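Undergrad: Given next are the chains, with one letter for each unit.
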Amino acid sequence: METILSGLQQALSMEALLAVFIGSVLGLIFGAIPGLTYSLVLVLLLPLTFAMPTEAGMGLLLGCYLGGMTGGSVSAILLGIPGTPSAAATVMDGYPMARRNEAGKALGTALFVSVFGGLFSLIIMVFVASYIADVALAFGPAEIFALVLFGLSTICGLSERSLTLGLVAGVLGLMLMTIGLDPLTGVQRLTFGFTDMMQGVNLVVAMIGLFAIPQLVDTFLSKDGNKVDLGKFGKVRCTLPTWQECRQNLGLVTRCSAMGTGIGAIPGAGGPIAAFLAYAHAKRFSKNPENFGKGEIAGVAAPESANNAVTGGTLIPLLSLGIPGDPATAIMLGGLLIHGLQPGPLLFQTNLDTVYAIYAMVAISYIAIFAVQLWGIRLFVKVLAVPGEYLAASILVLCAIGAFAIRNSMFDVYMMIGMGAFGYVLKRLGIPIAPVVLGMVLGEILDTNYRTALIMSNNSHATFFESWTAMILLGLTALTIITQVVKRCRNPAIPANDETTIPNAKNADGASAH
Amino acid sequence: MNAGKFSRGLGIVLTLFAAGWVATVLYTIPESHIPGTPGPRTFPLLLGTILGFLGLVLVFSPAKLCLDVPSAITNREVKVVGGTFLVLFGYAFLLGKIGFVLATPLVVILVFKVMMGIRSWTKTLATAIIIPAVCWLIFVQGFEANLPRGTWLNLL
Numbered sequence: 001m002e003t004i005l006s007g008l009q010q011a012l013s014m015e016a017l018l019a020v021f022i023g024s025v026l027g028l029i030f031g032a033i034p035g036l037t038y039s040l041v042l043v044l045l046l047p048l049t050f051a052m053p054t055e056a057g058m059g060l061l062l063g064c065y066l067g068g069m070t071g072g073s074v075s076a077i078l079l080g081i082p083g084t085p086s087a088a089a090t091v092m093d094g095y096p097m098a099r100r101n102e103a104g105k106a107l108g109t110a111l112f113v114s115v116f117g118g119l120f121s122l123i124i125m126v127f128v129a130s131y132i133a134d135v136a137l138a139f140g141p142a143e144i145f146a147l148v149l150f151g152l153s154t155i156c157g158l159s160e161r162s163l164t165l166g167l168v169a170g171v172l173g174l175m176l177m178t179i180g181l182d183p184l185t186g187v188q189r190l191t192f193g194f195t196d197m198m199q200g201v202n203l204v205v206a207m208i209g210l211f212a213i214p215q216l217v218d219t220f221l222s223k224d225g226n227k228v229d230l231g232k233f234g235k236v237r238c239t240l241p242t243w244q245e246c247r248q249n250l251g252l253v254t255r256c257s258a259m260g261t262g263i264g265a266i267p268g269a270g271g272p273i274a275a276f277l278a279y280a281h282a283k284r285f286s287k288n289p290e291n292f293g294k295g296e297i298a299g300v301a302a303p304e305s306a307n308n309a310v311t312g313g314t315l316i317p318l319l320s321l322g323i324p325g326d327p328a329t330a331i332m333l334g335g336l337l338i339h340g341l342q343p344g345p346l347l348f349q350t351n352l353d354t355v356y357a358i359y360a361m362v363a364i365s366y367i368a369i370f371a372v373q374l375w376g377i378r379l380f381v382k383v384l385a386v387p388g389e390y391l392a393a394s395i396l397v398l399c400a401i402g403a404f405a406i407r408n409s410m411f412d413v414y415m416m417i418g419m420g421a422f423g424y425v426l427k428r429l430g431i432p433i434a435p436v437v438l439g440m441v442l443g444e445i446l447d448t449n450y451r452t453a454l455i456m457s458n459n460s461h462a463t464f465f466e467s468w469t470a471m472i473l474l475g476l477t478a479l480t481i482i483t484q485v486v487k488r489c490r491n492p493a494i495p496a497n498d499e500t501t502i503p504n505a506k507n508a509d510g511a512s513a514h
Numbered sequence: 515m516n517a518g519k520f521s522r523g524l525g526i527v528l529t530l531f532a533a534g535w536v537a538t539v540l541y542t543i544p545e546s547h548i549p550g551t552p553g554p555r556t557f558p559l560l561l562g563t564i565l566g567f568l569g570l571v572l573v574f575s576p577a578k579l580c581l582d583v584p585s586a587i588t589n590r591e592v593k594v595v596g597g598t599f600l601v602l603f604g605y606a607f608l609l610g611k612i613g614f615v616l617a618t619p620l621v622v623i624l625v626f627k628v629m630m631g632i633r634s635w636t637k638t639l640a641t642a643i644i645i646p647a648v649c650w651l652i653f654v655q656g657f658e659a660n661l662p663r664g665t666w667l668n669l670l
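Chains as they are written, first to last, in the numbering used here: chain A, 1 to 514; chain B, 515 to 670.
Since the hints were derived computationally from the structure, they do not count as laboratory data.
Keep in mind the model is a prediction, meaning the values are calculated, not measured.
Just so it is clear, CB atoms sit at the ideal spot from N, CA and C, and this is done for glycine as well.
Simulated restraints, written as ranges between beta carbons of each label pair:
| no. | chain 1 | residue 1 | chain 2 | residue 2 | range |
| --- | --- | --- | --- | --- | --- |
| 1 | A | P183 | B | A517 | 37 to 45 Å |
| 2 | B | F531 | A | G475 | 31 to 39 Å |
| 3 | B | V628 | A | E290 | 47 to 55 Å |
| 4 | A | L8 | B | G597 | 45 to 53 Å |
Chain B extracted, bound-state conformation (with noise of 0.2 Å):
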């Protein structure tokens, strides 16, 4: 892909969510109480309409915009991005349910395992153990701050 067609893509997308944004701010945030003074849907609609004019601006004067093109995405950054998103919502699931003392290690030793190739099992499993402890330690025993509570099972 060039630096033409990535802008013109790019300004079509931007383009197209400030059109949804706009629509959405008119259908969804009331008027201002006050006749002939800017209200609370004032704001979100002046930057919609920037944003769809820079848009346009991405779709029509591609060539001078300096754009780097990015990279093509590779079948390794799909697999590493998809997992990142994967583990994290996962840990945020099992953080909700089974609560942090038990979520911490799973998710350590998921990307010791998996996302790293760690082939260590005590290195994996120390480290498992030793990050939620530090946590533990500096957030609650530290801070008096609270770490997530499971629903399921809670050890805290």
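Bound-form chain A, shown alone (with noise of 0.2 Å):
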């Protein structure tokens, strides 16, 4: 009782509930604006987390995700344009409705349902989180080797159109993070004598580069700058459902959020595969089927609530076990780790505060994001409209002194001058950068795990096969890749997530984000 209590205190502490409410303000606005999103919002925040109290730099990551994810259906039913790859299916019915003036119905029922789905994948995740934590805790060093090779595999499902790229990119990411002084021996890797190559790529660093500088490069190259035609949308106010359409939608909306968490809580699945299964869950158990594609409200609640109970899924893996399951949940496991804290089985025992801090740190941001869009959605609107050049000078002004205020030094700078410029090949190649990110957080616990098992089985790689948990976790392994292989195999016309590719999405997150 007393740790739920502290918990509960630092995330209603001054600093926590201003950074949740500054986050999720943000996270509406990138997730909003066509052609910028949430993950870059996060990049850029990431430095700043460094000099606040962990409750407050959690709080502001938090809010800008789950912020992120509810933003992306304003520019989906408004524009047309998913402000996130979640958000895609929600254009299908999203922007009829607006275009026969029920816009304000729309985001009405966009908002409530979007609360309701992050809401009850939380109420999931704090049950579910802290039984998969007790039961990490009895890995070892071959379990945990099995749990991180099945967290990689996810690679396959961030792999865009082509699973070797993915793989590719994955390797690519894994690479990158061998460079520096082994963790196990503290022998130089790959340093060749220069001091500042010690301490290794830099994880902050490099998504930094990888996410943001891409985008810079999209900002300067599109002739418009990025300008939207809002028209008669300026004076738009959310409308939320009636009781008796909450009525008549509850049972689907449940449905819809139950299929989000689950969904969210396979890494690498994550919110556009949940708002299409959602949405054709609605369609297909629907009176009226032919009305969708039409303005249907429903075709707008299911893949809502779904994307966003994504949001509590993909939590669950991240907190419980370390792995994260998307770019976002990535950034947020580096934020964890600046302030100390290792995400994982030990982190219910040793912090199990800042979890509850965290978990009322999500509810209090879906309250703060139910808020904001209900009475500000006006102003909040008209940021939808924001020049392309002040979005182009304060992305790059934030990269660099992003980059340098993480260690105080240039090199850093630099690095992530490097980094974006890998990042910007890799996207004109059509390599996902997703996946590099994965292998980034993920490879140095490989490599120690893998080297550790060994070493205490006397270098037999039986050991590997010598308890249920990593044979379990090995087979899940090959089994998401051969699935993978095999449905590219029999159709590699069509890539494995291709429910996720509309005609007028935008970039996914330049690297499928979701």
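Starting from two chains that each stand alone, build the complex the way the hints lay out.
TA: Here it is, written out as structure tokens:
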């Protein structure tokens, strides 16, 4: 009880509340602006969290993540352009509703079910995460290696069109993390004698470069500077669903939220898949399936509840096992590491109050999102039309000082630019960026646990098959990869997540972030 | 360029990179000091081998890999991308020499005038003052973080 109160106290501190509110607003804005993403604002905010108390830093990042997921629906409904890939399914019925002057109703419904889905997944997360963490406490190096390998197999899901290129990206990410001092022996690896390189490639610096610089180049390349015509929606207002509409759709929204939470908990699956599956489910069980695509309210409620429920789902493996399921949670993992917190089973033993604070901040963030979007929608919609030149100049400056602020080192600024060039080349070649980040996040854990397991077993690879847990996890890894390979071999023209591809969906985070 | 040629080209580049990586690992990272156990070079070596294998997959089975051939690079793209990285390197250089306070307005003006083609000097100068001021307020006053100081000139 004391731990719960301590967690609540942390979450309800003035700094944390303010950080959650600011994060939620920034997430809503960046999630909604076509051409920008909440992953971008997450990486730009990350260096700022250094100087903050842990709970405030986490609140800022959580608010931004949750706000970004919700904000994507605004431009999906008003402009027919999903703010995030997760909001792509919302376009199908949200935009037709807006065109027949029901934008307020569509926005209000999307907001209401988003908050419902998010809070639903939070409740599931509270019950499930600690249980998984308890089980994971008994893991040794072999089990952790198998678990991380399973986490890495999600690269298949993040691989956009080509599985091979996704694997290439994952391996490149793993390679980057081998640069620097070897964590087990202290031997220099690929530093070429440079002192600055001994600390390796900083994860946050790399993420700023990989996500923000290609975005900056795109902003410079777009001739219209991301200009958006809001037209008649300048004075739109959110209209919440009526009690009767809530009762009619309660069953559907609950089922879709459960679906979203489950899909979110599978690393690499993410919001777009959950949203499209929920949309298909709503259409299949609707009494009026012919109305879908023409402005059916259930066509907005189902995907929005599912994609927001994904947020709680993705936080389950992140907190309980230390495995991020998508780039956004990978960035949040970076935030936790900055404050000396290692997500995973030990977090529930040593920092349980922080875990409770995170739960509370998720709830507070959804309250803030609800209030901001409900009452501030007009002001918020105006931000959608912010000219590209302001964004470009701000991104450029924030990238440089963000990278510098991490270790007060100009070397990191140059490293960030180098990583940006690397990210742009990858993007240009069609190699996804998300697996690079996943590889970087999980690389060191994979390396150290693989070697520790072998050292402890006198170099016997049989150690990986001695426990049921490791065997199940390795089996799941093999199953994930084989399923994806078979799926893509049967129909190579269709990417694994083809349902996430819609004609006017904006660039998916440069990396298909969710 | 068709998908086959693109796949082969990319595969060759990746295979060569992997070969270079493996050679560098073997040449620069020592073996484990405990004989018969994996050492610091094991993991990088394994990764180089996997990348080489993936490169060969791209070389030898290009037709089934469903690659999107990148669009041709236009002159405008070369100019913009080159310009962006010149600005970034220039900004990093200036940050180290004249510090954040002086370098940032210069770079904002460059971005507005050269990269984005904004004609209004009022808008440009106002942004060139506001962005560094806001950053200074947030980073230095708000979070007591350090901003880059110049070695030639420093106003912080």
